[in-house]
Each structure stands twice: as structure tokens, then as C-alpha cells.
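Grab the two chains, each in its own frame, and use the hints to assemble them into the complex.
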Amino acid sequence: MSPKLMIWISVLLSAVAQILLKQGLSNVQKRNPKGLFALGLAIVSQWLIWLWGFCFVAAMGLWLVGLQKLDLSYAYPLVSIGYVLVTLLSAVFFHERVDRHRWLAVAVICLGVTLIAGSQ
Amino acid sequence: MPTNLQEETWTAEAAPELTGERAGRGMAQLLGRWWVAFAASAVFVVSGHLLIKAGLNSLTAAPPGTGVAGRILHLLLQPAVAGGLMVYVSGTVCWMRAVSQKEISFLYPLSSLNYVLVAAASMIIFHEVISPRRAAGVLLVVTGMILMNRRSRERAA
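Sequence order for the protein chains is Y and A.
863 is the number that my numbering gives to position 119 of the first sequence; each next residue is one higher, with no gaps.
110 is the number that my numbering gives to position 107 of the second sequence; each next residue is one higher, with no gaps.
Extracted from the complex, chain A is given alone in its bound form (with noise of 0.2 Å):
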């Protein structure tokens, strides 16, 4: 229903709306294959805390004798936190465009790589040093998302 009642007013309005128009329709088609859908989360996701983090490790402290709700905002209110914040959540939003599609059995297993791949991330960029101990912490989680799975992916196959 809606769809019809874009579709007049889109040949109604003047030229101009017509691109924007398609490229907001071709977005909703390419988010309509579950592995577009779910690349996007995962790299809005990982992008989103990265760029948070970003935003953290070059913040200017906050004037002394400030409350915890004081701090929340001057965080809040620094552009790359702000701007993560953002883009994390427009990856919450593709996850679910993801799991509307696919089992969350299979996409789960799968989504547990946004944790190899902060990871890596976290060391290139912020030279964060990755412990064997974390490593090995990090392998088994990956290990534990897809063993939780399992069963159900059987059932389903």
C-alpha cells in the first residue's frame, strides 16, 4: 500500500526527486539480500565502536569535580563518540534488516567475526597489544558463538 502511494506522488513531482527517489529504492533492494544486509551491520557495527573509541582515546578530560551524568554528556558530545554512536546504530538497524531474511542461528555464528575483527582493528589503529591470553579468549568466544548454534542450523538443514 504505501509503495503504491509513493509511486504517485513520484510521478507527480518534478524530475528532480527522481534520482534521490531511486537511489533510496535501490538501497532498500540491495538491503533486501541478507548478505548485503549483513556485511553492512557488520561493518557499521565494527566501524561504530572503532570510531567511538576513536573519539575516547583523543578526548580532552572533562573539568574536575564533574558528576557521572556530566561526564556522559561531555562524552557524548565529542563528534567521533557522537558520530559512532551513529553508525553503530545504522548497523543495528542492517542486522535486523539481516535477520528479517535469515535464520539468526546462521547469522549469529557468523556475526561473532565482529569480534576478530575489532580485534585487528584495535591493534592496527589504536596499537592496542594483543596478549596470546586475549587471543586465545577471543578464539573461544568465536568457538562458543558457533557451537551455540549448531544444533539449530542441523535442524534447519
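So that you can see chain Y by itself, here it is in the shape it has in the complex (with noise of 0.2 Å):
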């Protein structure tokens, strides 16, 4: 795997992490939990939360191999991938309204993307 395959892959793994631990959090809110117990269960007993932590974990080791290579202000800005992404992941599944500014800004952060991509 090149090391920009793994910064890529490193960057969608955390958006799609911070969708599933919402996802997940919010599943155990929902079954209201008494105690630090009950909390804890509902947590180790959620399998969106498991798959947040194998995100997470997966996302930082692949960010760590493939900047080793990379230039960090090379990188780094990638991460803002994620907003764009989070936006549409939130618009797909959570049904969330997107208004016009917030698709141009999506369009802006794509293009500033695409400049930093291609400047390594």
C-alpha cells in the first residue's frame, strides 16, 4: 500500500468513526441506563462502538505508517476530507438538512483538497 493510499484510507476511517460512535452513543441514550454498571454493558454491548475502536485504532496506525513517508502540511489538510464526508454521510443516514452554504462549502473544501493532493 502506498503511503497516500494509507493517509487516505486513515482519513475516511476517522470520519466514518466519528459517524459510528454517534450512532452508537446514541443507541445506548436511547436505553437509558442506570448506574455506572448498566452504562458500561450498554456500551461494551453496543457493536457500533467495537467498530468505532477498530476504526479508530486502524485509522491512527495507517496515519502514522503512511506519514512517515509524507510531508505533515501534506497530510494534515486532508483531514479536512472528513467534513465533507461527515456532511454526507450525516445528510444520507441521519436524514439531516444541508443547506446551500454548506454544499459550497463543501465544493470549496473539495477543490482546496484536490490542490493539496496533487502537491506531493
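The set of hints was computed from the structure by calculation and includes no laboratory data.
Keep in mind that a hint or two might mislead.
Unchecked claim - In silico DSS-like cross-links for lysine-lysine, where the CA-CA straight-line distance does not exceed 30 Å: (1) Y/K748 x Y/K813; (2) Y/K766 x Y/K748; (3) Y/K774 x A/K105; (4) Y/K766 x A/K105; (5) Y/K778 x A/K105.
Here you go:
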């Protein structure tokens, strides 16, 4: 796997991880666990939270290995594509309304990321 | 409730405990201001990433034939990498403190300054070459982050 591909997968995985954590924690909240033990049990029995943990660790590992061969000023701004992905996934899965300003912003961030992606 | 409990043990215990306790409480109070929590998060997140990169740059090669998991473990055992991760995580904690006090739509555009700080610091510390193309990309990302939150900010105002 090339370092660039690692960074891209890492960035995408951490965006997906955010969505998983949000959904997993809201599932826990719905069950309304009483007390610390019940809360712990509710969290551990949430497979979305396990998936979040997996994505988080994989994203971190790929980030470290990929960043070894790349400039930090190249890799770090690519993280911002995560906001684009979170916006898209929120619109699709949580049916959140995305207004015109937000779509314009998404386009501008994508343009910026495209420029950076071609800069090393 | 927990604060009451703390105060009880606090008065009951010996004086040397006092300064540490007071310092801890002072810190919590300091982070209770959104801009302190935000500034701390920016400093920790940026320096955490820089420290990780410094660790990666000064890395000794992993033994040949090491698998991906082994390579990751090898990286994590580098003091600068492990330290950088811890600094970064404390930055995330500060960010959560800031978010709990101030609208996220206000903090997100501000936090995009981290991209500028990281780029500038990488140029100075690691002598990375920031081409006009990369600089323009970073500025567009910052612009996008500001745009993304403009409407909700107007609504809040």
C-alpha cells in the first residue's frame, strides 16, 4: 500500500468512526442505562462502538505508517475531507438537512483538498 | 455532589495535598473559559502532530520483513511518537471542553487555523517546501470551513 493511499484510508476511516461513535452512543442513550455498571454494559454491548474502536485504531496506525514518507503539511490538511464526508453521511443516514451554504463549503474544501493532494 | 465530597476530604487531609488540589481546581477553572480551552486545544493538537512527525522523521528502520502490525508497534514505541499522541489526545480533551461551552459552528472555523499553523510549523521545523499550490489548497480549506459554518452563526447572532 502506498503512503498516500494509507493517509486517504486513514482520513476516511476516522470520518466513518465519528459517525459510528455518534450512532453507537445515541443507541446507548436510548436504552437509558441506570448506574455506572449498566452504562458500561450498554456501551460494551454496542457493536457500533466496537466498530468505532476498530476504525479508530486502524486509522491511527495507517496515519503513522503513511506519514513516515510524506510531508506533514501535505497529509494534515487532507483531514478536512472528513468534514465533507461527515456532511454527506449525515445527510444520507441521519437525514440532516444540508443547506446551500454547506454544499458550497463542501465544494470549496474539496477544491482545496484536490490542490493539496496534487502537491507532493 | 462530587465537589462537596472532595472538599470534605480536602480539609481533613494534610497540608501538602492542598497545593496540588488547588492547582488542579485552578486548571479546571481556567479551562472553564471557552477561549482558554480552545487555545489549549489548538496548541496541543498542533504540537502533538508536530511531535509525532518529528518522531517519525528520526525513526530507525523496522527490521526487514516486519508485518504492518509490527511496523505500527515499532512506531508506537518511539518516545516522540507516543508522547505526541498523548499531547494530541489532551488537545482533543481541551477541544471537548471548549465545545461544551461555545457553539461548535463558531469553534470549527477558528479551529481551521490549525491547518495554517501546522503548515507554517512544518515549513520552519522540518524544512518542508510549501508550494504555491499547497498554500492555495490550505487557504481554500480554511475558507471552506468558514463558509460551512456561516449560516448557522448568523442564525445564532
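Evaluated hints:
no.: 1; hint: Y/K748 x Y/K813; in the structure: 9 Å, holds
no.: 2; hint: Y/K766 x Y/K748; in the structure: 28 Å, holds
no.: 3; hint: Y/K774 x A/K105; in the structure: 26 Å, holds
no.: 4; hint: Y/K766 x A/K105; in the structure: 19 Å, holds
no.: 5; hint: Y/K778 x A/K105; in the structure: 29 Å, holds
Checked against the numbered hints given earlier, the structure satisfies every one of them.
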